[in-house]
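Student: So the protein lines, in turn, are chains P and R. Position one of the first sequence corresponds to residue 1 (UniProt numbering), numbered consecutively onward. Position one of the second sequence corresponds to residue 1 (UniProt numbering), numbered consecutively onward.
In short, the hints are calculated from the structure, not lab data. Given the structure is predicted, the values throughout are model-derived calculations rather than measurements. You may find that some hints are simply not true.
[Claimed, not checked] So the derived label-pair ranges between C-beta atoms look like this:
no., chain 1, residue 1, chain 2, residue 2, range
1, P, Ala34, R, Gln382, 50 to 60 angstroms
2, P, Thr31, R, Thr289, 19 to 29 angstroms
3, R, Leu313, P, Glu264, 18 to 28 angstroms
Cβ atoms here follow ideal geometry from the backbone N, Cα and C, with glycine treated the same way.
Given next are the chains, with one letter for each unit.
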Amino acid sequence: MNDVPLPYRVTQVRDETADTVSLALTPAGPTSLAPFAPGQFAMVYAFGVGEIPVSVSRIDRRELVHTVRSVGAVSAALCALRPGAHVGLRGPFGTGWELDRATGQDMLVVAGGIGLAPLRPLVFDALAAPRAYGRMNLLIGARTPHDVLYSQQVHAWTAAHGPLHCGVTVDRPAPGRLGHVGVVTTLLNGARFEPRNTTAFICGPEVMIRATARDLLQRGLPAHRIRVSLERNMRCATGHCGHCQLGGVLMCRDGPVIGWDRAESLLSVREL
Amino acid sequence: MTDSPAISVLDREGLDALVKTLTTEGRTVVGPTVRDGAVVLSELASADQLPFGWGTRVEAGHYRLIPREDGAAFAHTSGPQSWKTFLHPQREKLWSADRGADGQLSLTAEQPEQPSYAFLGVRPCDLRAIAIQDRVLTGGHYQDSGYRERRSGAFLIAAECTEPGATCFCVSMGGGPAADNGFDLALTEVVDEAGHRFLVRVGSEAGAEVLSHVPRCQADVETQTAARRAVDAARDRMGRAMPPVSLRTLMGQSLEADRWDDVADRCLTCGNCTMVCPTCFCTTTEEVTDLTGDHAERWQRWDSCFDLDFSYLHGGPVRSSPRSRYRQWLTHKLSTWYDQFDSSGCVGCGRCVTWCPVGIDITEEASALHDELEARLRLQEQAEQQERTEKVQ
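Please model the complete structure; the sequences and the hints are all you need to start from.
Tutor: Next comes the structure, spelled out in structure tokens:
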């Protein structure tokens with residue numbers, strides 16, 4: 001169903017940070033949307049306000065979680081919803097991360113700020129089958145310690161000595177909190193991966209994506225093994241409204257996840 | 001040239017009978033007519049409303065009607081509208097949403113009965129434009145259902161071009177004044193000593209069926225020859241031309257050209273070019289609520305990549321400078337359209353040139369970009385040659 005949204009009920013609301021909320025959604029009626037893959041997105045409709053694209057941040061059988069940062073009219077309306085409220089949902093749209101590409105390789109997941117949201121279901125999937133991959137790394141950058149999403153989960157990952165190496169860095173430390181300070185690329189030296197046999201998945205602000213991808217290229221990762229998730233204005237998500245163009249890429253159709261081999265030249269032109 | 005039963009000739013009464021036949025079938029006949037000093041597209045009740053005796057004089061940023069002594073109906077160039085006004089209308093309701101007492105949402109698709117159109121006088125450039133919008137709106141994984149219904153029910157009567165305007169450049173875009181396919185019927189207007197008549201070719205079964213109800217004669221050799229000559233002559237009388245290079249490659253290599261600053265100094269970013277362009281398809285959405293607060297509607301309306309909001313992401317627009325917005329329009333039209341929809345987005349109709357309030361000419365801009373690129377490549381080559389010579393020494 002992609003013409004008209006399907007009603008979904010908010011079953012749980014979780015405050016992630018001061019301006020970010022996770023909404024757990026289940027179908028309000030007997031029908032549900034087709035299954036989502038990590039990295040794909042839905043158009044989420046706030047009644048009477050509008051519709052925005054939001055990646056899925058958790059995928060259960062019938063339940064979808066969307067993590068929304070309040071930055072505009074629609075996202076603010078979504079962040080203000082309480083359990084029991086209804087939203088409209090269209091999807092799934094766009095390309096996913098395609099975790100299969102990392103089979104047999106070291107895995108590097110790099111997230112900046114809200115960029116951790118679309119990467120979380122990828123990490124869950126990888127952790128569900130750790131033997132399929134080599135060493136797994138999750139590197140997280142945030143503005144302050146208070147801006148790290150899913151803090152309990154992230155804390156558990158950083159503390160555990162499991163198959164996942166998880167590092168967190170912040171731009172500005174908070175009083176009384178110890179931890180790494182600096183941009184997310186400063187965590188790359190501590191990550192465990194063989195650059196020539198690694199697949200990277202990156203999402204965050206464009207400047208962070210650029211810096212990380214360039215760093216990884218220098219370390220010897222091939223461009224096509226660097227997968228990045230990008231963001232553009234979207235109205236329809238079905239390839240008809242023209243808003244999400246980045247050069248020849250229609251972000252809703254050819255993205256949001258594309259290879260750095262395609263993204264690099266597009267992101268190097270100002271205001272493209 | 002051989003006589004074929006598929007080719008016949010209508011006189012002016014025959015043309016009117018064609019309109020009446022289509023109207024009787026329940027179709028909304030739309031064609032060119034004179035209004036407000038321009039040839040506009042409007043619903044027609046009779047062929048008499050066609051712009052008989054009117055031609056047009058166009059230039060960059062200039063459009064005037066001029067009377068014609070020969071009384072021709074299809075001797076005008078493209079007006080400010082194109083058929084997208086009807087197939088892909090400016091405003092369209094997508095769905096409505098109602099909120100019940102318990103907060104439950106019910107969402108309903110807008111599925112109005114679509115008009116059954118007959119378009120009379122579709123230029124070959126506009127036939128190609130319709131084919132391009134077909135690919136954009138119905139050729140991909142998702143289809144625009146409203147467009148699909150209006151389009152599949154539309155009956156197209158082409159009018160071959162015998163009077164290209166000064167802003168026309170369809171030949172250099174791989175098109176031309178002849179209608180080759182994509183129509184139900186194709187007319188070629190002939191006015192000479194033998195009279196005022198319309199050669200009719202049949203392009204589909206539906207076309208043959210409609211024509212069977214219309215009084216007509218079998219085409220004579222003279223009319224066929226005159227029609228062919230007029231269209232062939234039009235081919236050589238295009239007012240403008242694109243530079244004869246791969247525009248796709250040219251645009252791809254010109255993203256950082258200085259010319260964008262030059263054109264940005266003139267461009268008002270008004271978006272006229274995108275409104276008159278027969279292939280520009282971009283839309284945005286609006287949420288409309290009523291006073292109860294429990295009923296909302298989702299509307300789609302035309303949008304323009306020249307609008308600052310078009311590329312808005314939280315924090316600001318991606319393309320804020322006029323330079324980047326003009327570049328988006330031109331490079332999309334001539335280059336990245338291929339990546340997205342496997343063809344150019346330009347048919348060479350010249351509307352964007354005519355209706356630009358400051359007379360920016362897409363062919364002139366493309367030529368300037370071509371010259372700049374050539375100059376840059378020459379300099380590079382010279383530099384490389386010099387380097388090689390220095391190495392040898």
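Student: It remains to establish, for every hint, whether it holds in the given structure.
Tutor: Hints versus structure:
no., hint, verdict
1, P:Ala34 - R:Gln382: 50 to 60 angstroms, "holds, 58 angstroms"
2, P:Thr31 - R:Thr289: 19 to 29 angstroms, "holds, 26 angstroms"
3, R:Leu313 - P:Glu264: 18 to 28 angstroms, "holds, 20 angstroms"
Violated hints are absent here; each numbered hint is respected by the structure.
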